[in-house]
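Colleague: Since the structure of chain W is already known, use the hints to place chains B and E on it.
Protein chains in written order, with the working numbering: chain W, 200 to 512; chain B, 200 to 512; chain E, 200 to 512.
Accuracy of the hints is not assured; some may be wrong.
Put simply, identical chains are the same to the list, so a pair is met inside one copy or across any two.
In silico DSSO-like cross-links for lysine-lysine, where the CA-CA straight-line distance does not exceed 30 Å [said to hold, decoys possible]:
| hint | residue 1 | residue 2 |
| --- | --- | --- |
| 1 | K462 | K501 |
| 2 | K480 | K375 |
| 3 | K364 | K462 |
| 4 | K493 | K364 |
Because the hints were derived from the structure by calculation, they are not lab data.
The chain contents come next:
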Amino acid sequence: MKFDTPIPVKEIAALTGATLKGNESLMATGINEIHKVTPGDISFVDFEKYYNACLNSAATIIIINKDVEVPPGKAILVTDDPFSAYVGLVKRFRPYESQNKAVSDSAVIGEGTVISHGAVVGHHVTIGRNCIIHPNVVIYDHTEIGDNVIIHSGSVIGADAFYFKKRANREVMWDKLESCGRVIIESDVEIGALCTIDKGVSGDTIIGRGTKFDNMIHIGHGTVIGRNCLFAAQVGVGGKAIIEDNVILWGQVGVNKDLTIGKGAVVFAGSGVKDSIEGGKNYFGSPVEEARTKMKELAWIKRIPEMWNKIKG
Amino acid sequence: MKFDTPIPVKEIAALTGATLKGNESLMATGINEIHKVTPGDISFVDFEKYYNACLNSAATIIIINKDVEVPPGKAILVTDDPFSAYVGLVKRFRPYESQNKAVSDSAVIGEGTVISHGAVVGHHVTIGRNCIIHPNVVIYDHTEIGDNVIIHSGSVIGADAFYFKKRANREVMWDKLESCGRVIIESDVEIGALCTIDKGVSGDTIIGRGTKFDNMIHIGHGTVIGRNCLFAAQVGVGGKAIIEDNVILWGQVGVNKDLTIGKGAVVFAGSGVKDSIEGGKNYFGSPVEEARTKMKELAWIKRIPEMWNKIKG
Amino acid sequence: MKFDTPIPVKEIAALTGATLKGNESLMATGINEIHKVTPGDISFVDFEKYYNACLNSAATIIIINKDVEVPPGKAILVTDDPFSAYVGLVKRFRPYESQNKAVSDSAVIGEGTVISHGAVVGHHVTIGRNCIIHPNVVIYDHTEIGDNVIIHSGSVIGADAFYFKKRANREVMWDKLESCGRVIIESDVEIGALCTIDKGVSGDTIIGRGTKFDNMIHIGHGTVIGRNCLFAAQVGVGGKAIIEDNVILWGQVGVNKDLTIGKGAVVFAGSGVKDSIEGGKNYFGSPVEEARTKMKELAWIKRIPEMWNKIKG
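Just chain W, same shape as in the assembly (with noise of 0.2 Å):
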């Protein structure tokens, strides 16, 4: 996410705690997830093994647990623990705001769009359009939605990442990772009735113009779907998934995190996709193969009495 207008290095350091060393006069344009960091951001980095690719990323400020060499023009923010410290910036610049009425009076919906009853729609949305918005659809905070979309009822757009820092030695053991970023739906997509799309850690949540969901799907944090693309009736999608234009998921298919589907793949229904696979095939199977592939596997099992027959002959 991006500030609303840039925040002194200084005033960071002061609201982490943290020790500032490096640049100190930085002005800070937004806080994100490392894959996500642009020129500006804070990011942040508690493992040892990431520092370098976290120091040496587009973020200009690193909020870090050990005392490291500065890289020119950056500074660092050195604190115990960085995960808290950026948690504590997330709540402070993306404070949670409660939702007591239908339509939040920040959200900014477009002319012909229909909301319908008992739809809740949250602080800063935006919404095109001639779009349908069915009874009971949830729409949470700084969603933005393009023109003749249509959600069916009780589908969620935006909830939290699912996002888990595992602290093993405390009571309360997964600590949440509070989530900043959006879900954006591109004009003329379509979501069947009791959909989850959840909003981006710290980046978007993207379903590309004119991609078409049944009912019950799943979609996770900060996952691309392009454009045209058509789900069936209960997929579920993990996060920072990409799945390119014109992909095809039959019912029940599940897709793993952080991989990629190219471009016009087919998953028949019932598979689960647990690596990147390329575009232009069919696939079947869990973990999917090529759907031919498949196929012969399947027949030849069935031969497996004729070879013992054979052998023990």
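Modeller: Okay, now just chains B and E, sitting in the frame of chain W:
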């Protein structure tokens, strides 16, 4: 769907901009997909290989993209784009009505039925006696519900069919077939929380008397489910399937569209039903096989290393 | 469930129309299924093979369909249909109360807790401090929620157990066991969007402290989940399962009813857990096996064509 009153075919021709041939004095009594047509209906066909099926079906008025010989007593409406003409008629005769209150004035609710807080009942809905519609359920327009029906919180009854025509050359590739069918839930049915039952494209999705659903079950458009079935949580059934009486589907079973599951079949948890299966048997696997066949297969797979030892020895 | 005040067994006999035998001065303190009974409880049994288990259980008052010898100090209530007698008592002592406002007057909400717009809080619900109940969540009657709990939009807590008795000769074959248990969500739990957690049949469904759920997770009636578990999206768990502390279930995992998953077990995405599994290990497949065993099996399957070549040669 049937029209409230018959419409002269000349009026249909004017509405669609199509060229009318054949019996110009016909009255259209409804619009339907080819597999649901009855005499008096308008249907459409745009693939040459289905021309004869449509022309020889019960449909009286056929929207078609070729100037063919008109079957005796019928009329054809010739247009470049029958799909769009059909969709235009659906929009004209079953227009979208926005939902801006909890219970539509046109809904008919039987004696002893409870509509809980937050539930939304659409236009032209009929609900029988002694039903409990729990909080935040959404019932779309034209749904019909019998007596003694329980629908748990958050379920969505009658959302649009998931049905699109591919327009390979358009920027927005998936062209929506507007659906005008209904959902019919017979008496003594119980629907769990957060289920979705989609309306038919032109006919009805039916849940037979005494059938019981657990939570998060998805039923596709036009599927017909018999009496006294029992579906466990997270089952998904595609469109236009036929599930006969007394069928049991255990948790997370997926069922393909356009198939039949015979009376009394039992499908074990996690299975995928790809093709029609006979009644009275137990099934397992993905794709399913008879359970005992599948169990043997799983046992044979475990013996592969033993076979390898025999061979290499 | 326990009664608010003890009820004389004679009154229970009158309510059920059953014949009372044994100690006629007993006071009933609650009603429970056989696996949940404690002294003072009424339970029921209608299959001869379970007679002894029920008569010798902690239950003090047994509804039974045979005139058997009464265990010392107990009472029996003889009736043709113990199931219906039990259901009648549940309806009498835990009657359905309609929900016609957003937050019931009998709900107790702790300081600092936010009930968002569209959320529905049922009768006799207790929610602790500093919780966020997001828009359109539904919490059924008698649910108990601790402190610092977050429940995302559209989730349904405490819907009825999915439990039916088969009545083969009736037109409506599945006879509902009315449930009177509760859901208990301990402190520091986070529940994602569009989850369902069903109440117990007579006991409690429990989500242990610090456990975190992603979206669209279903938990069946009476299941007990330990502390600090992590469940990814679209997981489904059947009724009366025991999931010990620190268990991780990845996306779309299905878990059978009536089993135990040991502490710290990790089940990979898409797997099906059919029987109890030990803690501290990784699992994969459907039905699951230890992950490394399953991986070897998948590798062996790929070698079948090679084996065939050796044999036929």
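Colleague: Would you mind marking each hint as holding or not holding in the structure?
Modeller: Here's how the hints hold up against the structure:
In this assembly of identical chains, K462 and K501 lie within 30 Å of each other by CA distance solely across copies; the values are 28 Å between and 33 Å within a copy. Taking CA atoms no more than 30 Å apart as the test, K480 paired with K375 passes between copies only; the shortest distance there is 25 Å, against 38 Å inside one copy. In this assembly of identical chains, K364 and K462 lie within 30 Å of each other by CA distance solely across copies; the values are 19 Å between and 33 Å within a copy. In the homo-oligomer, the alpha carbons of K493 and K364 lie at most 30 Å apart only across protomers (29 Å), although the nearest pairing inside one protomer, at 37 Å, exceeds that limit.
In the structure shown, no violation is registered for any of the earlier numbered hints.
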